[in-house]
Amino acid sequence: MSTTQRILPKGVSEADFDAALARFREIVGADGVLTEGGQLAPYTKIMMAGDDRDYIPSAAVMPTGAEQVQEVVRICNEFKVPIWTISTGKNLGYGSAAPGETGQVILDLHRMNRILEVDPESCTALVEPGVTYQQLHDYIREKGYKLWLSVPAPSAIAGPVGNTLDRGVGYTPYGEHFMFQCGMEVVLANGEMIRTGMGGIENSTSWQVFKWGYGPYLDGLFSQSNYGVVTKMGLWLMPEPPAYRPFIIQYPDPEDIEEIVEIMRPLRISQVIPNAVVIVHTLWDAGTHVERKTYYDGSESIPREAIERIKADEGIGEWNIYAALYGTPEQIEVNWNIIEQAFGKSGKAKMMYGEEAEKRGGGFEYRSALMRGDMNLQEFGLYNWRGGGGSMWFAPVSQAKGSETRDQTELAQQILGKYGFDYVAEYIVGWRDMHHVIDLLYNRQDPEETKRAHDCFAELIDEFAKRGYGLYRTNNEFMEQVAGTFGEPLREVHRTLKNALDPNGILSPGKSGIRQ
Amino acid sequence: MNLTRRQLMKNSLLLGAAMPLSLGAAWAADSGLAPSPVHGPIRLYGVDRSATELGLGLRQQGWEPRYEGRLDPLALNALPTGSLATGFTDEAGLVLLTSLLAGRGRVLALGRHEAGRHRLLSHRGPLVEPLSGAAGGWQAALGREYARLALAEDEGRHAQAIVRPAARGASAAELSFLIRV
Chain A
25 MSTTQRILPK GVSEADFDAA LARFREIVGA DGVLTEGGQL APYTKIMMAG
75 DDRDYIPSAA VMPTGAEQVQ EVVRICNEFK VPIWTISTGK NLGYGSAAPG
125 ETGQVILDLH RMNRILEVDP ESCTALVEPG VTYQQLHDYI REKGYKLWLS
175 VPAPSAIAGP VGNTLDRGVG YTPYGEHFMF QCGMEVVLAN GEMIRTGMGG
225 IENSTSWQVF KWGYGPYLDG LFSQSNYGVV TKMGLWLMPE PPAYRPFIIQ
275 YPDPEDIEEI VEIMRPLRIS QVIPNAVVIV HTLWDAGTHV ERKTYYDGSE
325 SIPREAIERI KADEGIGEWN IYAALYGTPE QIEVNWNIIE QAFGKSGKAK
375 MMYGEEAEKR GGGFEYRSAL MRGDMNLQEF GLYNWRGGGG SMWFAPVSQA
425 KGSETRDQTE LAQQILGKYG FDYVAEYIVG WRDMHHVIDL LYNRQDPEET
475 KRAHDCFAEL IDEFAKRGYG LYRTNNEFME QVAGTFGEPL REVHRTLKNA
525 LDPNGILSPG KSGIRQ
Chain B
691 MNLTRRQLMK NSLLLGAAMP LSLGAAWAAD SGLAPSPVHG PIRLYGVDRS
741 ATELGLGLRQ QGWEPRYEGR LDPLALNALP TGSLATGFTD EAGLVLLTSL
791 LAGRGRVLAL GRHEAGRHRL LSHRGPLVEP LSGAAGGWQA ALGREYARLA
841 LAEDEGRHAQ AIVRPAARGA SAAELSFLIR V
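One line per chain: the protein sequences are A and B, in this order.
So for the first sequence, our numbering puts the first residue at 25; every next one is plus one.
So for the second sequence, our numbering puts the first residue at 691; every next one is plus one.
It is worth saying that the hints were derived from the structure and are not from the lab.
Where is the CB? At the ideal position from N, CA and C, for every residue including glycine.
Each hint should be verified, as a subset may be incorrect.
To be verified - Reference excerpt, derived from the structure (chain B facing chain A, CB under 8 Å, subset only):
(1) L764
(2) A782
(3) L784
(4) V785
(5) A792
(6) R796
(7) R802
(8) R809
(9) R838
(10) L841
(11) E843
(12) E864
Construct the entire structure; sequences and hints are all you get.
Below is the structure:
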């Protein structure tokens, strides 16, 4: 099958699109505008169960500064060309770098990659959207600052602006990234630029230290939205603690999730355990370095007996808790004693740290790296678990309550089992909430399996919503459906804001289900 | 990552150098190698026989493959603009590779080589020769086709499914790529 047909933005004539491209080239240079198929191919790499033909960009534009972004959006308004904004384009499992729909122009901000400031005293940073965690990490090390980042699993290649704006999480005490964001510069759809928080005050020294500014707090409007293009963002960095103790607690049985969460909740709320803890199921823990076919080659969900063999071979539990303590050695010792006492009561938990944990293997090494904000790409190994290139992260939120967690786990396993998929999952424990992240892995090369994965994901959304569970984030294919679960009145407010801020609907139409 | 001499030997890549010159020359002649590379270097990734054979196919068409060992997609960032790279990787490598190319390079071709079928996606027009031939296995034939696509100037996206004859050990899927950074 051969395709050479040019993809134009919806409702835009070829002449107008050519004129817009010519203007883009004047602004960002000829090498900053991509139109050739081979160059656009990385923007069509989708892992979700959608039709490839629904996610083909018309072009990509790569500005190098905020002023260029202003000019680009003015041109888009003139020609009614829709753009889909990405920062580093590594939103893997949630849509990657693909546009929201065919015919959008990718506004790729990866060339805007300046680290504008890192203040080692206030422990803050101000960065552009193209800065990667690796880049910021290297910069901090080069300068000799005693600061740690909080990074998501694809740390080295993702960036703080994109991850924070999509409300991603990391694994340190600063793991709820949007909570630790402070101040933005935003280009609005009309080309105007604003600074949020204290940034509107000329020569303000508190832009990166005081989140709220004066009047309505706006930063949230620019997360998971399409109301503006964030061109700078401040974030808080964690001071390097004098001591650090990563540890594992593993439990052997499926029903243990209830006990784990009941013990964990008060420890997290009181900050005895300060970081974003993960409770990892067997298949996720093993799936980062083991292939499914080694244990089971069938098309149904992997059976219980195979899971038990994996647990035995790998020396891992049904549930594997990765957490860490930070502070002085004395503080760590006190908190460790509290944790040992709490988890030791039932006699089911196996607790390890130091050499014992390192010998245990599994995911300890890379989890230890992530919990101190070091760069790591080990979790990409999950894509080898089943093979075939399909991956969608289903991520409902729950309260940190044992009964709720068990209910979610059983519901997910039941629906995944019905469609023949594996429960490859982990819980990320916030202060009072849990992000239940399930990687729906499937073979995208098989149309029947792809359709099954699509139907499975759709059913997961609906059935979870019926029980009061909503998603915190999703991929392009399901943004509309997920938005629907949050109710029409909220959607109407989103639409009203969209119409007010972007009357021509040029910014990322469809993001989070928001359109004119 | 460059392969050590020991690894190269293991992968048969130094076969010619390890054998008497005349035998090496005879092998080269049998393999249909071009007398000397005319198109320049191309980075070749992979650590098993498939990469070796792919390199053979490239050599036959006048390219100079440089063996880099297992693909570390992050290393692609360090390649000079215009560099060509090809080879085999796993699912995780392919996800990283394609993702890292956004705004930084071109996907010329991707291949999924499964039991019973090759699926090829080319942005340089279709493959024109069958993935088999006297000189080497399907991987060498793929190398010859990738050698041609690396020079092609077509811009059409072309998807093909080609029957892969059953062979021992052919159940495992292999993933190939041809890119320019």
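Structure-based check of each hint:
1. L764: Constraint on L764(B) satisfied, holds at 7 Å.
2. A782: holds, 4 Å
3. L784: holds, 7 Å
4. V785: Where the cut-off is 8 Å and the nearest Cβ of chain A is about 5 Å from V785(B), the hint holds.
5. A792: This hint holds: A792(B) lies near chain A, its Cβ roughly 4 Å from the closest one there, short of 8 Å.
6. R796: holds, 4 Å
7. R802: With a closest approach of 6 Å, the R802(B) hint holds.
8. R809: holds, 6 Å
9. R838: Given a least distance of 15 Å, the restraint on R838(B) is violated.
10. L841: This interface hint is violated because 14 Å lies over the 8 Å limit.
11. E843: Constraint on E843(B) not satisfied, violated at 11 Å.
12. E864: It is violated, given that the least Cβ distance between E864(B) and chain A is near 11 Å, above 8 Å.
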